[in-house]
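Chemist: Using the sequences provided together with the hints, build the complete structure.
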Amino acid sequence: MKRRKVDLADLPARSAGEIDDRLQVASPLRRLFNKVFPDHWSFLLGEIALYSFIVLLLTGTFLALFFDPSMQDTKYNGSFIPLRGIDMSGAYRSSLDISFDVRGGLFIRQMHHWAALLFMAAIVMHMLRTFFTGAFRKPRELNWIIGILLFWMGFTEGFAGYSLPDDALSGTGLRIASAIMLSIPIAGTWVTTSLFGGEFPGHVILDRLYIVHVLIIPGVILALIAVHLGLLVKQKHTQWPGPGRTNSNVVGVRMFPGFALKGGGFFMIVFAMIALLGGIFQINPIWLFGPYKAAVVSAASQPDWYVMFLDGSTRLMPAWEFRWHMFGNYYDIPPLFWPTVVLPGILTMLPIFYPFIEARFTKDKAVHHLLQRPRDVPTRTGIGAMAVSFYLVLLVSGGNDVIADKLKISLNAMTWAGRIGLLIIPPLAYYVVYRICLGLQQHDREVLSHGVETGIIRRTPEGRFYEVHQPLGPVDEHGHGELPYAGWVVPKKMNRVGALLPTLRGFFKPVETVEDVENEQSSNAPVSPAPSRHHEIGTGGRS
Amino acid sequence: MSTTTEHDDDFDVDDRSLSRFDLVREGARRDGVEIVHYAPKFPVPGTKREKRVVRTVALLFAITGLAALGFLISYIWWPYEYKSGFNINKYYTPMLGITLGLTLLSVGLAIITWGKKLLPDEISVQDRHDQIVDQTERKLTGATMLNMVDELGIARRPLLAKAALLGLAPVGALAAAPLVGGLIKDPHHPDVLVHTGWDNKLTNNGQPIRLVRDDMTPIRPEDISVGGQMTVFPGIPGGNTNDYGDSPTLLIHLRDDDADRLRGNITGQVPANENHMYGNLVAYSKICTHAGCPASLYEQQTSVLLCPCHQSQFNILDNARPIFGPATRRLPMLPLDVDSDGFLIAKSDYQQPVGPGFWERP
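As they're listed, the protein sequences go chains A and B. Counted from 1, the first sequence has number 8 at position 8 by my numbering; the numbering is strictly sequential. Counted from 1, the second sequence has number 230 at position 230 by my numbering; the numbering is strictly sequential.
Some hints could be false.
These stretches of chain B come out as covered by chain A in the derived footprint (C-beta under 8 Å, 3 or more residues) [to be verified]:
# : region
1 : 187-194
2 : 324-331
Listed next, with one range per pair, are the computed distances between beta-carbon atoms [what the hints assert, rightly or not]:
# : chain 1 : residue 1 : chain 2 : residue 2 : range
3 : B       : Asp223    : A       : Ala300    : 24 to 34 Å
4 : A       : Ile186    : B       : Lys116    : 52 to 62 Å
5 : B       : Thr217    : A       : Leu57     : 40 to 50 Å
6 : B       : Leu179    : A       : Lys75     : 29 to 39 Å
7 : A       : Leu11     : B       : Ala58     : 22 to 32 Å
8 : B       : Lys116    : A       : Lys75     : 50 to 60 Å
9 : B       : Phe21     : A       : Arg496    : 27 to 37 Å
Non-contacting residues of chain A with respect to chain B, defined by C-beta distances greater than 12 Å in every case (computed) [unchecked claim]:
#  : residue
10 : Asp10
11 : Ala121
12 : Leu128
13 : Met153
14 : Ser194
15 : Val204
16 : Met349
17 : Phe356
18 : Thr454
19 : Glu477
20 : Gly487
21 : Val489
Please keep in mind that the hints were generated in silico from the structure rather than gathered at the bench. For each residue, glycine too, the CB sits at the ideal point set by N, CA and C.
Modeler: Given below as structure tokens:
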């Protein structure tokens, strides 16, 4: 029998056909390839969070191979000489071993820590973007809530993570966490002794935190991210208003190859940044802190940045304790309860309900896919500014001892500044931001009706001077523009309306010509481009 | 979803006159996507500009390869063991960071440049299809769901519903029981939040407990200089470890005038602290009554003890009264005495619970 020749060129098509025979994936796959994604720099913030999480999973898996959460006392005899012979827990010893005796261990550990900081920072920035542009509105309330849960999951995960090495800093953090649990009325003592297996610190908490840190919370975060992204795909991404963009379409590029290339490349860049940070910038040098001992602490013991706002709220809290006598016993609500249990509770519930509160106040039940510019919704933007400034006062107060020390300010003055600032700055921020929004709105309207300032001063025959304004569109009999505000950037400079030559790229000398740029722009523009002009409009107005 | 997309049934995919892009556009159309603008970045092949972009991308991939090689070489051959002093081993981690960072950065830039500079310009518009609420669909689904209830016949057989509810309620508790039951630990038996390592009945068979340093050596009153302070631990096995995390104590030797002021502030003012000092020596719990950090920053000039965690400040000369910050309670005072060998001992445990407050604090 003659052997059949295998046609290599036909092979991909043949095997694709075989697969489709079995799985019927042709049309769902094509639908995925063709999914349209809108583009804006601010949409990348959530991606940073996602990519940092992937880096966290990768580096965390590596660390888990070498880490031992044991709290049993051992003597250190690794290669870091200053700590040799010192009693410490197995957790601290293995963290030191990862840092000094595992090849590349310190690098991975630092990457893991930096990625965690970046993860939380990206979540916060992504949340701000979503809030200020109104992306949380119907139908996306659920995804907004999942985002808030992701923040708190990341927060807990991060806290559990930096408690694991059992150095002096992390032990102090755990001590405070146990005090926070103790402050909860009625159940506090039971919750604390149950979690710690007795009195703080006990011998089991790190084993428990370890399983929480490597299995339970990562699992929850993964599940939440899956739903978060699933909803994003189902509901499709929001977009900014613009030419051709409506509430019932998405304008952008298809997922493959354009969007996927950008996303994949961006992942690599986020990964690269984390690698550079982890390699070059030291973070959490646990060998300098020594093992945790209940009697030892140092000044300037700050937690990771995302926990600092709660540290700040704790520092600012006045010494208020509620204590009363009832049924022959004393009962007590320690001051720690308010800034570390009640405040986070409020800070979780308020944003969770915010989309519904706003919809109720604005009587807005419509579905929104077009984003709003922050200036167009001054009340919301003001509320957001209020929240951000409240948070920032707490964050700064979390490091008030360092500020007091470095800037030679009284520590007590810093605390009082924080207490007063916490009450005064947020309403002030609301007012200022509200006024700025109105001012920006007004300027948009002014340019729409009177045109762009050209910088060209004309003198009339009577000797009157005036500035020539370039209308953006057709004008009425009074010379006022008739273009309505479209919810998007109004060009306010002449080069934005094509009057000036485009900016040429290049650091020392231009790397492109005017023709290059205009060709590029004309193919980018969704509207027909302005007629090409290769000279600038001068003050003489001779064009 | 053919229900949401109308497409031309006459479209013949086998028509040889159609270009591949015609097929792409038709496929997109069937997915509800209209490619409204599609133009190659470089309509004329081989321009200088195009070549420059291609060279850039190629160069970036070359850098990727070299940097990745650099990473592997440093990972394997760069000395990584810790050596004290200044040596090239210290650059192991930075080398890994720089080479891996460069690898990923250049591959990222290569991919993005490829995508942004070489791919055709495209603007596609996809319909959302979520504005029209299909009431028919909702009704049909609703009826299907209600029918499930009918099929189960709960309305007709109310007994079943109640029995199922009653029967399943304990199952829910059952799921939680092992977790709660396994973890639960009574905070009051033993009363761990009230007793510390200084309780000689619990920890030392009723024998008095000496104050010891971190190295477990006992202390004589004259061992601590006037104005000085020292962290002391209960002199019991493991007394200086975290097993007795609530027991670290700050022993302070006050100057005569300061000691007199403190005695004046104790007598008649704070009966609980009476007769707790030994000479000019006073011992306070080191565990902050706010959040449990060690309140360890002692400022001799002002006699203020500051907790570095949340800046609670305690006046040593006034029974460690909180004078600033979030703490509300005094640091408890340890009653001091000297045994027959002349070493400092604790007369008893602290009279108040040490450390952070809690609901049922006596």
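Chemist: Any of the earlier hints contradicted here, and which numbers?
Modeler: 14 and 15
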